[in-house]
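Below are the chains, spelled out letter by letter.
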Amino acid sequence: MKREVSINAAMALALLAVPIIALQMGQTFTITLATRIAILALAATGLNLALGLGGLVSFGHAAFFGIGGYAAGILSAHALSGEPMIFGFEGSQAMLTIWLVAAVIAGLVGLGIGAVSLRTSGVYFIMITLAFAQMIFYFAISWPAYGGEDGLSIAVRNKFPGLNTMRPMEFFLVAYGLLMLTLGLFGLIRSSRFGAALQAVRQNDVRVASIGIKPFPIRLTAFVLSAMITALAGALYADLNRFVSPSMFSWHMSGELIVLIILGGTGRLFGPLAGAALYVILEFVLGGITERWQFFLGLILLAVVLFARGGVMGLLAGKARHG
Amino acid sequence: MTFALALEQLLNGVQLGFMLFLMAAGLTLVFGVMGLINLAHGSLYMVGAFACAAVAAATGSFWLGLAASLAFAAGAGALMEVTVIRRLYSRDHLEQVLATYALILIFSEGTRWLFGSFPLYLDIPPLLQGAVSLPGGAQYPLYRLAIIATGAAVAMGLYLLISRTRLGMRIRAGESDREMIAALGVDIRTLYTLVFALGAALAGLAGAMVGAIQSVQVGMGEPVLILAFVVIIIGGIGSIKGAFVGALTVGVVDTMGRFLLPQLLTFFVSPADAKPMGAAIASMLIYLVMAFILAVKPRGLFPAQA
Amino acid sequence: MAETAVLEINGLEKSFGALKATDGVSLTLRPGEIHALIGPNGAGKSTLIHQICGTLRQDKGSIHLSGRDVSALSVAERARLGLGRTFQISSLAGEFSALRNVMLAVQARQGSSFRFFKPVMKDASLVDAAMERLGRVGLADRAHVPAAELSHGEKRQLEIAIALALDVRAFLLDEPMAGMGPEGSKTLTRFLDGLRQEAPILLVEHDMDAVYALADRISVLVYGRIIATGTVDEIRNDPTVRTAYLGDHA
Chain W
1 MKREVSINAA MALALLAVPI IALQMGQTFT ITLATRIAIL ALAATGLNLA
51 LGLGGLVSFG HAAFFGIGGY AAGILSAHAL SGEPMIFGFE GSQAMLTIWL
101 VAAVIAGLVG LGIGAVSLRT SGVYFIMITL AFAQMIFYFA ISWPAYGGED
151 GLSIAVRNKF PGLNTMRPME FFLVAYGLLM LTLGLFGLIR SSRFGAALQA
201 VRQNDVRVAS IGIKPFPIRL TAFVLSAMIT ALAGALYADL NRFVSPSMFS
251 WHMSGELIVL IILGGTGRLF GPLAGAALYV ILEFVLGGIT ERWQFFLGLI
301 LLAVVLFARG GVMGLLAGKA RHG
Chain U
324 MTFALALEQL LNGVQLGFML FLMAAGLTLV FGVMGLINLA HGSLYMVGAF
374 ACAAVAAATG SFWLGLAASL AFAAGAGALM EVTVIRRLYS RDHLEQVLAT
424 YALILIFSEG TRWLFGSFPL YLDIPPLLQG AVSLPGGAQY PLYRLAIIAT
474 GAAVAMGLYL LISRTRLGMR IRAGESDREM IAALGVDIRT LYTLVFALGA
524 ALAGLAGAMV GAIQSVQVGM GEPVLILAFV VIIIGGIGSI KGAFVGALTV
574 GVVDTMGRFL LPQLLTFFVS PADAKPMGAA IASMLIYLVM AFILAVKPRG
624 LFPAQA
Chain C
630 MAETAVLEIN GLEKSFGALK ATDGVSLTLR PGEIHALIGP NGAGKSTLIH
680 QICGTLRQDK GSIHLSGRDV SALSVAERAR LGLGRTFQIS SLAGEFSALR
730 NVMLAVQARQ GSSFRFFKPV MKDASLVDAA MERLGRVGLA DRAHVPAAEL
780 SHGEKRQLEI AIALALDVRA FLLDEPMAGM GPEGSKTLTR FLDGLRQEAP
830 ILLVEHDMDA VYALADRISV LVYGRIIATG TVDEIRNDPT VRTAYLGDHA
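Chains as they are written, first to last, in the working numbering: chain W, 1 to 323; chain U, 324 to 629; chain C, 630 to 879.
Extracted from the complex, chain W is given alone in its bound form (with noise of 0.2 angstroms):
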């Protein structure tokens, strides 16, 4: 346990100081694979809540992700042209207002997919999730309002108070900001009253039912939780692109999600962050090496679900132990 935590102090740091480092050596392209890495650490954080703690195999995050994308896009294009939207909203670029319309929306759609796919388990959940993200991707492609198939393009990033989020450096913080605080709620929510309840819901749900606790309303707490996380990480990551398009809502972004919380070792706190640095490191490595990558990332990753179960913590920290 000791251990666990000197080795996500670490981790805290080096990301903070890579880009640091980066920054005084003038290598902007560090500074944004660090900032890569945090978004994509930040929206496995949402899904390790699922996932992680409830057991909630979710193959749909990429829906909330790319609502967050799209949140972001869609505000600050009609912020930049003027066109007001519905009850006369006229768009947004701050971050702030563009996270807060991405968490609730991506709550409300959650609370929605939630309640029809948390009526059922195992395997049955993993392919409605899978669908009803997918369901929205082709929504996504075929509306053709916000750029259908072509996707959005986002002018200028949205704004942070006090800070130029168009330098690399600078919007790195704003995400690893974002990243430490959340990781801060997330190990809150695990070792209070409603994380016990969720772990307890995970190992076994007819037990803890039996004792007087509901699964259902916890799971779908969990579930609306998880996906408005992950919807911010999705807005960051527009930013950080400058460009929202149907692919953030494609299963290959659910199923990168589930791959980062496997490689960092599922159900732990920093287990994202170890799994979103190894995988981006590796792709970047891999990728540098051959155009191929993506074969060598599957052999990988199926060399890790077959034979080192508990991840990169798993190696580092050993077993997860609750109290």
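Warning: the hint list may mix true and false statements.
Stated by the list, open to error - In silico PhoX-like cross-links for lysine-lysine, where the CA-CA straight-line distance does not exceed 25 angstroms:
no.: 1; chain 1: C; residue 1: Lys-689; chain 2: C; residue 2: Lys-649
no.: 2; chain 1: W; residue 1: Lys-2; chain 2: C; residue 2: Lys-751
no.: 3; chain 1: W; residue 1: Lys-214; chain 2: C; residue 2: Lys-747
no.: 4; chain 1: W; residue 1: Lys-2; chain 2: C; residue 2: Lys-747
no.: 5; chain 1: U; residue 1: Lys-620; chain 2: W; residue 2: Lys-214
no.: 6; chain 1: U; residue 1: Lys-564; chain 2: U; residue 2: Lys-620
None of these hints come from the bench; they were simulated from the model.
Model the placement of chains U and C on the given structure of chain W, informed by the hints.
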């Protein structure tokens, strides 16, 4: 909207349905017998299409290509089962999802490696070119009718296989009681490999047949895989009958939705708006049908015994 | 019968196809008593338990808990009204320590699982209450061991600590003696003897020594019907019971 056009669309829906059935049958069989969720089933569909296109291009014969698609898909399936899938039966669904997701990456990128990024094209064999006159005066492509006929034949064949043969008996026994079948002295490992290869061959067959009406390219299996998931969710995972009913439902609802909804909406909004709006809603229709069916029957229309 | 029954089952029926698994079962659990339910395998004991705790819905009949009709309530709702069931094998949360298992029960009893920020381990109202229950069942020194790693007997003790934490009105103990060695059975028998002061116990048990030692009343279930209810002596000397069930023992 004419009767002829509607009939044509309906037949397209049925054709899509039979094609989906070929995909879904393998998925649902593998889940029913081995309890495994296989995301890489779409890769086997792709393997079938590529094998057919490559062999047809080399030999000039679609039929040799079709035979190759069955052989390659079944072979790839058997290889997949023996090397990877076999290790996953005792694992939880999350690990199955992840490992088969990794297989997709390997298969997709491997295929791109072998064949490049450009799509291949596969011609309809001369025997099946041309069209048939439908009542109402429309012409309908013979090839699509052939897909329907093949799908129907496979459905019948599967029904006979499962209800009338020793292999089918073992499959049914395997579904209900794995230990019993092992105790009976049936080599369960071989049975599993056979079942998996059978499902793979059906997926390969579907890929090859569709390859002649669409382009053959990497990633072609994925949209179909997800539709096949919707099919087996609706039908009830593990049930062949459910896969059949689900496949036809999805095929017809999807095709007719895309055809009818834009026209229906012209009664409510301007024609310029009706088209995109209709298309957007139609693209979501089968998922809404799925959600509705699940709300009423959470384990699908024909739930297999728990 | 001056006192009202804590648990009252009336005319319960449940069929699976042509098979009547529960065929008009009525029984009561009075305050302070241990009421044993015995019967051969396949008599329908587990179907009956499932209906009492709510995992199966009866076709006919009613179940009252402290005078309230719970026939249509869910498992969780019945548990919250004070029905404490222990399980044969599965533990509540195997990865959690024994302490956290009991804390979860205390939390369930307090009815407040939607609290997101306060760490449970710093919540004295949970930790103290849980430790007290663990102490009562003799598991205090094993509080921090993961439930999955406890011995067979210790898991039983933990189950009872969880039920105690729920402040139940009626215990439903499903074969607590199963898989216990002779020493363990004796200790557990002594413990259950005292437990009836907390709340009456409906005891489903195969171990006849334990049943004879503990039960105030015994009901015999055969083919989904209760063929006799009475004191230990009455049941021992009941000719129908002897032929139907106890024949080879007596």
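Against the structure, the hints come out as follows:
For the suggested pair C:Lys-689 and C:Lys-649, the alpha carbons sit about 12 angstroms apart, so the restraint of at most 25 angstroms is met. The suggested pairing of W:Lys-2 with C:Lys-751 holds, with an alpha-carbon distance near 18 angstroms, which does not exceed 25 angstroms. Among the hinted pairs, W:Lys-214 with C:Lys-747 is consistent with the structure: their alpha-carbon atoms are about 21 angstroms apart, no more than 25 angstroms. This hinted pair checks out: W:Lys-2 and C:Lys-747 have alpha carbons roughly 21 angstroms apart, not beyond 25 angstroms.
Among the hinted pairs, U:Lys-620 with W:Lys-214 is consistent with the structure: their alpha-carbon atoms are about 21 angstroms apart, no more than 25 angstroms. At most 25 angstroms may separate the alpha-carbon atoms for a hinted pair to count; U:Lys-564 and U:Lys-620 meet this at roughly 16 angstroms.
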